[in-house]
Amino acid sequence: MILKNPRIIIWIFFVAVAILLISPNPDPVGFVVSSPGDTGLTVGEVLYRVDGQEASQVVLEKNYEGIIKVDTNKGVKFLRVNGTLDIIYEPAQSTNIKFGLDIKGGVRAVIEPNVSNNATIDLIIDTLEDRINFYGLRESVFRPIYYGDKGFVEISIAGGNEEELRTLIESQGNFEAKIPFVLPVSGGQTSLKLDRTYNVAVSNSSIIVNNEEIRTGGSFSINNVGFTLNTVSPLNLTARIFDGEDIITVFLDPQRTRIEPTADGFSWTFGVQLSGAGAQRFAWVTDNVNPRRDGYLESPIEFYLDGELIDSLNIATSLKGRSETEIVISGGSATLEEAKQEMARLQSILRSGALPTTVEIVQLDAISPSLGAGFLKSAVLAAAAALLGVIVLVSLRYRRPKLVLPMVLISVTEILIVVGLSVLLGWTIDLAAIAGLIASVGTGISDQIIILDRTLRREDDYAETTKEKIKKAFFVVFGTAGTVIAAMLPLLFTGFGILRGFALITIIGVLVGILITRPAYGVILERMKKD
Amino acid sequence: MEVRKAFVMHFLGFFKFFSCLLSVAMILDRIIEKYWKFLMWITIAFLVLSAAFLVYNAAATGSFMKRDIDLAGGKVITVEVSETDVQAVKEAVPYANVRLVSGATKTLLVEVPFEADEDETIQRLRNAVSFSGEPGIRVVGPALGSLFFQQAQFALVAAFVLMAITVFLLFRSFAPSLIVLLAALTDIIGTMGVLVLLDVPLSLPVIGALLALIGYSVGTDILLTSELTKSGRQSHKDSVAKAAKTGITLTAAALIALLSMFFISGSTVIQQIAFVMLIGLVIDLPATWFTNAGILRVWLEREHKGDPA
Numbered sequence: 020m021i022l023k024n025p026r027i028i029i030w031i032f033f034v035a036v037a038i039l040l041i042s043p044n045p046d047p048v049g050f051v052v053s054s055p056g057d058t059g060l061t062v063g064e065v066l067y068r069v070d071g072q073e074a075s076q077v078v079l080e081k082n083y084e085g086i087i088k089v090d091t092n093k094g095v096k097f098l099r100v101n102g103t104l105d106i107i108y109e110p111a112q113s114t115n116i117k118f119g120l121d122i123k124g125g126v127r128a129v130i131e132p133n134v135s136n137n138a139t140i141d142l143i144i145d146t147l148e149d150r151i152n153f154y155g156l157r158e159s160v161f162r163p164i165y166y167g168d169k170g171f172v173e174i175s176i177a178g179g180n181e182e183e184l185r186t187l188i189e190s191q192g193n194f195e196a197k198i199p200f201v202l203p204v205s206g207g208q209t210s211l212k213l214d215r216t217y218n219v220a221v222s223n224s225s226i227i228v229n230n231e232e233i234r235t236g237g238s239f240s241i242n243n244v245g246f247t248l249n250t251v252s253p254l255n256l257t258a259r260i261f262d263g264e265d266i267i268t269v270f271l272d273p274q275r276t277r278i279e280p281t282a283d284g285f286s287w288t289f290g291v292q293l294s295g296a297g298a299q300r301f302a303w304v305t306d307n308v309n310p311r312r313d314g315y316l317e318s319p320i321e322f323y324l325d326g327e328l329i330d331s332l333n334i335a336t337s338l339k340g341r342s343e344t345e346i347v348i349s350g351g352s353a354t355l356e357e358a359k360q361e362m363a364r365l366q367s368i369l370r371s372g373a374l375p376t377t378v379e380i381v382q383l384d385a386i387s388p389s390l391g392a393g394f395l396k397s398a399v400l401a402a403a404a405a406l407l408g409v410i411v412l413v414s415l416r417y418r419r420p421k422l423v424l425p426m427v428l429i430s431v432t433e434i435l436i437v438v439g440l441s442v443l444l445g446w447t448i449d450l451a452a453i454a455g456l457i458a459s460v461g462t463g464i465s466d467q468i469i470i471l472d473r474t475l476r477r478e479d480d481y482a483e484t485t486k487e488k489i490k491k492a493f494f495v496v497f498g499t500a501g502t503v504i505a506a507m508l509p510l511l512f513t514g515f516g517i518l519r520g521f522a523l524i525t526i527i528g529v530l531v532g533i534l535i536t537r538p539a540y541g542v543i544l545e546r547m548k549k550d
Numbered sequence: 042m043e044v045r046k047a048f049v050m051h052f053l054g055f056f057k058f059f060s061c062l063l064s065v066a067m068i069l070d071r072i073i074e075k076y077w078k079f080l081m082w083i084t085i086a087f088l089v090l091s092a093a094f095l096v097y098n099a100a101a102t103g104s105f106m107k108r109d110i111d112l113a114g115g116k117v118i119t120v121e122v123s124e125t126d127v128q129a130v131k132e133a134v135p136y137a138n139v140r141l142v143s144g145a146t147k148t149l150l151v152e153v154p155f156e157a158d159e160d161e162t163i164q165r166l167r168n169a170v171s172f173s174g175e176p177g178i179r180v181v182g183p184a185l186g187s188l189f190f191q192q193a194q195f196a197l198v199a200a201f202v203l204m205a206i207t208v209f210l211l212f213r214s215f216a217p218s219l220i221v222l223l224a225a226l227t228d229i230i231g232t233m234g235v236l237v238l239l240d241v242p243l244s245l246p247v248i249g250a251l252l253a254l255i256g257y258s259v260g261t262d263i264l265l266t267s268e269l270t271k272s273g274r275q276s277h278k279d280s281v282a283k284a285a286k287t288g289i290t291l292t293a294a295a296l297i298a299l300l301s302m303f304f305i306s307g308s309t310v311i312q313q314i315a316f317v318m319l320i321g322l323v324i325d326l327p328a329t330w331f332t333n334a335g336i337l338r339v340w341l342e343r344e345h346k347g348d349p350a
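Protein chains in written order, with my numbering: chain A, 20 to 550; chain B, 42 to 350.
Bound conformation, chain B alone:
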């Protein structure tokens, strides 16, 4: 009975969450209309702040984001556990960084430096927690890690450039494309800033997610820009409202999918990808509907000042 009740409550919770998201669209619509010239500066300020934060971090630590063992070298031991006292594990392996990843299954991640002996660490783990099956082991040499890091930076820049070319080819108009790219840049830089703030290190899945974000986050901007620039006799206000109605449904759908990936998958790879994209898509909401919409409207109004209505 208890379980059933909990399930129903849970379901109702979901229901409310969805309707909430939908009403957000309508409220947002009104807010944008009233304050749109002011709102667009919020995300621009956020972009500048994040960029400054990353630069500061790079100057202070030598790299713009903290690097995971994928990119810095080290060893990770993965074990599937049922119940775990993380504190006890930390005490048993004091030289390790211990994380618990929960989903449908629970896994314990124990990160140790490259020089540490994995067999000894596994032995210590066995004494501290009971786990089923053989542990998984991941080893990355520091030299290879650095190589990966270089490649990761290259991939990020290359992905952004290729995406930018695609956007220019799509709109064949300089200013709207540039505005789309500004929104995309806000998503990426902003996400990285938030990741640094949350102390999430850069790993291969995080890079994959950032790249995916470069591609996916401009979707809403393309939707908005095409609506505004090809809207015929419709007013800009109506265009933004229509695009936002669709766009926010899209983002809501993506957020739901990402939330279930994050909470259920129990795999660090999937969890990291979902987490980064969640942050990115949340940032994308104001970046698209405040900044991109705002600047584009200003530009369109100037452009068509002389036009007969």
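Only chain A is shown next, with the shape it has when bound in the complex:
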């Protein structure tokens, strides 16, 4: 019985496992959680019903208050929600195959840090991972890559577009809050109030403070408060109150996060918790600023991101000299959508902190999901046409369906096993990988033709058994497999993004061919020859 042959058993086993791994699900329902936030759901959990309604984009984006019932593939759960469900999700897929960004749409970027060593690269990955995950772009993958002695970071994000990615990663994220203020000078003397009062001597073009002479544009620091001397007359100083490091928490709850319409657009505000030292500096510096009649101080507090002014905010007189740890950061945008994006961006930058160095995008690929879906459709069509064409050719060549049928069966199972393995190993199938798949199935068919031709020969001069003939054919089959793998190996070490998939799938395809499907084909042919 052919089914008892170990090679056939191995082959069938791999096909069965592959089908299980790919797990085709012709009618996908629900939404898969890709990032559960702090809801208590798990990654990969499938949501069917939320608060009694069938899960949909609308239902998942709604605001909820209190405890809601959620039906998932792991049973019924009760979640406490205040606002929207804080999760990232995607519609359930019909297979487990992970498609590359060029098929499902998304952005891939390679960034080059201006200072490159292993520690910086790791720090950049940590920071950007926080930033992007917090911003809420879908699943993102970060990978350090080294070309020669240069280090880069490759970022792949499903969903998301080029602009979002650029603003998120190209800003180093140096956040600063500053207060510019004027000190009244009388008789060449004034004083600066901090932990104590410091005397300042003022001359024509410079000031002397703490025995140090400062010229216009120069800066100095007293007790960890940095100052810049803008002008001497009037004596205009800018104090650095705090930076990103001083921000301990970024508040996200609806009470402290607001977007409101204004006369010329929308303003957004959110609360942050400041470190004790930052709050202390705020108290010291505001003590030097005079109140106005309208209930605010004369000087605003200004927020800068990477040296660019984002917003300036009036300080209520009641806050003067107070060490306030909870403060509000604000900004304005022209449209509601922009306001949302800008607020989310600043929040994520503040939460993740600044990058250790500036970075530059040196490579970028952005593919829209519709473009990608079109590519997949065409690629699958091309593969089907290729297989059909080869079947016709082989049928013409051998004119016996009995010989052609196993070939088709073997080729189809080979595709299944390779795709199944890619699911198991967590590899993504992109367009180049599909090309590799078609190429390796092509070699598979070539190998079968070699084996078949050898087997079919009728040589009287030297009596070879079918087994011996197949063995000889396998010399060529293994030889070809060896050269293909040898030629593909360098690609794995050079690490060109799009060619890795091509090389990996080709190598796996060839290995599956010589180790699993070709031996099975040999057995099938031997049996057929005996019959």
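In short, the hints are calculated from the structure, not lab data. Be aware that a few hints might be false.
[Unchecked claim] Selected chain B positions facing chain A (Cβ under 10 angstroms, derived; list incomplete): (1) Asp111; (2) Ala113; (3) Leu185; (4) Leu188; (5) Val202; (6) Ala216; (7) Tyr257; (8) Ser301; (9) Ser306; (10) Leu319; (11) Leu341; (12) His345.
[What the hints assert, rightly or not] Derived pair list, reagent style PhoX-like, types lysine-lysine, alpha-carbon separation capped at 20 angstroms: (13) A:Lys486 to B:Lys271; (14) A:Lys490 to A:Lys396; (15) A:Lys421 to A:Lys339; (16) B:Lys107 to A:Lys491; (17) A:Lys490 to B:Lys75; (18) B:Lys271 to A:Lys491; (19) B:Lys75 to B:Lys271; (20) A:Lys486 to A:Lys396; (21) B:Lys131 to B:Lys147; (22) B:Lys147 to A:Lys396; (23) A:Lys549 to A:Lys490; (24) B:Lys131 to B:Lys278; (25) A:Lys490 to A:Lys117; (26) A:Lys212 to A:Lys339; (27) A:Lys81 to A:Lys339.
[Stated by the list, open to error] Counterexamples of contact, computed for chain B against chain A with all Cβ distances above 10 angstroms: (28) Arg71; (29) Pro246; (30) Phe304.
A quick note: this is a predicted structure, and the numbers were derived from the prediction, not measured. Using N, Cα and C, we set each Cβ at its ideal position, and we do this for glycine too.
Based on these hints, arrange chain B on the given structure of chain A.
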């Protein structure tokens, strides 16, 4: 009705194409037998010519092949279109290199220099053609492109060396291995020469395809060499004929698969890979069945001159 008729005609066309390929095998067999000592020089001449062409190109332009934005830096904007007047697009974006890739879907590729502003280019495109969805964007910095180019050259050489080692290990005989490598070299150098002639730039998919070609193209040579060197009492002529019958079926199968990839996929990545391999496999036909077969036969005849028949 019209569609159906066209489909049938199309199918018949395919049918003829296949039978044609099969009869080529038989004709080839006869030609080889009659002129094999002369034919083997054709591909050797082709190899020398291609190599000279590449060297000349390297001397004239500074690199042996023109580099795509993958390897030189730049930006490509990809949009899916239904009907397109490429000329109109060229006029709308005069500083761009515009290409239309057709398959089951049509995509328009607009290449601009790294310094160009992609948003402005997209705006100009929107005015010139109607396209659905968001455009795809690809940006490669010039410095990274150069790095890729260096790595590509390394990968090509490394792949060839590794393949050569595999061939030597396989045959454990110096001369036959060397002859196989000569055929492989003809495939690679010849393909690159044709690509330069057709003005196809070197890109990452092209590199992938050249590497794949290094691996795949020696398949037929291994088939032939193993048949000739391990043929027992069979005559060399019969060995070549038998190997060619199998080998040409293999190449035909590969060509069919590559042609459908090229015409249907509509993806530049797949199209470029298919195109390069198509050229390579066509070159591989004479490289294997003329040169490799010819030189190997000469070598075997000298080797076994003293042997009793």
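Here's how the hints hold up against the structure:
| no. | hint | in the structure |
| --- | --- | --- |
| 1 | Asp111 | holds, 8 angstroms |
| 2 | Ala113 | violated, 13 angstroms |
| 3 | Leu185 | holds, 4 angstroms |
| 4 | Leu188 | holds, 5 angstroms |
| 5 | Val202 | holds, 9 angstroms |
| 6 | Ala216 | violated, 17 angstroms |
| 7 | Tyr257 | holds, 6 angstroms |
| 8 | Ser301 | holds, 4 angstroms |
| 9 | Ser306 | holds, 4 angstroms |
| 10 | Leu319 | violated, 12 angstroms |
| 11 | Leu341 | violated, 18 angstroms |
| 12 | His345 | violated, 17 angstroms |
| 13 | A:Lys486 to B:Lys271 | holds, 16 angstroms |
| 14 | A:Lys490 to A:Lys396 | violated, 40 angstroms |
| 15 | A:Lys421 to A:Lys339 | violated, 92 angstroms |
| 16 | B:Lys107 to A:Lys491 | violated, 43 angstroms |
| 17 | A:Lys490 to B:Lys75 | violated, 32 angstroms |
| 18 | B:Lys271 to A:Lys491 | holds, 9 angstroms |
| 19 | B:Lys75 to B:Lys271 | violated, 23 angstroms |
| 20 | A:Lys486 to A:Lys396 | violated, 42 angstroms |
| 21 | B:Lys131 to B:Lys147 | holds, 17 angstroms |
| 22 | B:Lys147 to A:Lys396 | holds, 12 angstroms |
| 23 | A:Lys549 to A:Lys490 | holds, 16 angstroms |
| 24 | B:Lys131 to B:Lys278 | violated, 56 angstroms |
| 25 | A:Lys490 to A:Lys117 | violated, 38 angstroms |
| 26 | A:Lys212 to A:Lys339 | holds, 12 angstroms |
| 27 | A:Lys81 to A:Lys339 | violated, 41 angstroms |
| 28 | Arg71 | holds, 19 angstroms |
| 29 | Pro246 | violated, 7 angstroms |
| 30 | Phe304 | violated, 8 angstroms |
The structure is inconsistent with the numbered hints 2, 6, 10, 11, 12, 14, 15, 16, 17, 19, 20, 24, 25, 27, 29 and 30, although it conforms to all the rest.
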